[in-house]
Amino acid sequence: MRSFTNLSIPSFFFLLISCSTLARAARFDVTNNCPYTVWAAAVPGGGRQLDQGQTWPLDVAAGTTEARIWARTNCRFDGAGQGSCETGDCGGLLQCQAYGVSPNTLAEFSLNQYMNQDFIDMSLIEGFNVPMEFSSTSGECNRTDEYCCNSGSCGPTDYSRYFKDRCPDAYSYPKDDATSVFTCPGGTNYKVVFCP
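Under mature numbering (1 follows the signal peptide of the UniProt record, and there is no 0), read the sequence shown as residues -25 to -1, 1 to 171, first letter to last.
To be clear, the hints were calculated from the coordinates, so they are not data collected in a lab. Misleading hints may appear alongside valid ones.
[Said to hold, decoys possible] Pair ranges (Cβ atoms, derived):
(1) C170 to R51: 18 to 28 Å
(2) R141 to Q29: 24 to 34 Å
(3) A55 to P143: 15 to 25 Å
(4) G58 to G114: 35 to 45 Å
(5) P143 to V76: 19 to 29 Å
(6) R141 to Q57: 28 to 38 Å
(7) P160 to P10: 27 to 37 Å
(8) I100 to D4: 18 to 28 Å
(9) T40 to T112: 13 to 23 Å
(10) Q24 to A73: 13 to 23 Å
Given the structure is predicted, the values throughout are model-derived calculations rather than measurements. Note that beta-carbon positions come from the ideal geometry of N, C-alpha and C, so glycine has one too.
Let the sequences and hints guide you as you build the complete structure.
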């Protein structure tokens, strides 16, 4: 305890900032290019209305797992943030606390996981509601099946093949990891674009 009493305040802040950069947050720029309003949603992160051309900068903490970003459509909210959406509704809240209801196109991610890697994918497992692009802003991501579960009897269907043909990087059926899960260095920043 005595060693901390000799630490000056500027030295303490330098140490604090240095340690925090080891596992930094990721920035997700969520942009609406659709010719209509969408209500972007994120768990964690909440939600907000995005008119055409608007961007929501969303900072997500390192170590976040099983996170999602999606678009909600045809929403109506009152001044208290209560309402409903035709697609992607999350319990009638503007500020989502839970995942949205199907159908919704998903950007899924877990940050700073095994060997300081982020794991990202775009999923159509829960349906499709808005076209989406999900990518890193640095281009440093790679496909991987090194850590994927590719065994089992759940293969593609005619419906999943339809979407896979049109969006080959999207996760379109269970166990579609080999062509759809990407790894990125921890601390990578991302963009999610609705109607790219």
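Hints and how they fare:
1. Hint check: C170 to R51, Cβ distance near 21 Å, so the stated range 18 to 28 Å holds.
2. Between R141 and Q29 the C-beta distance comes to about 26 Å, which sits within the given range of 24 to 34 Å.
3. Distance hint check for A55 and P143: the Cβ-Cβ separation is about 42 Å, which falls outside the suggested range of 15 to 25 Å.
4. For G58 and G114, the Cβ-Cβ distance of about 38 Å falls inside the hinted range of 35 to 45 Å, so the restraint holds.
5. Taking the beta carbon of each, P143 and V76 are about 26 Å apart, inside 19 to 29 Å as hinted.
6. Distance hint for R141 and Q57: a CB-CB separation of about 36 Å, consistent with the stated range 28 to 38 Å.
7. Range check, P160 to P10: about 35 Å between beta-carbon atoms, so the 27 to 37 Å window is met.
8. About 24 Å separates the C-beta atoms of I100 and D4, a value consistent with the hinted range of 18 to 28 Å.
9. In this structure the hint that T40 and T112 lie 13 to 23 Å apart at CB holds, the actual value being about 21 Å.
10. At roughly 19 Å, the beta-carbon separation of Q24 and A73 lies within the given 13 to 23 Å, and the hint holds.
Checked against the numbered hints given earlier, this structure breaks only hint 3.
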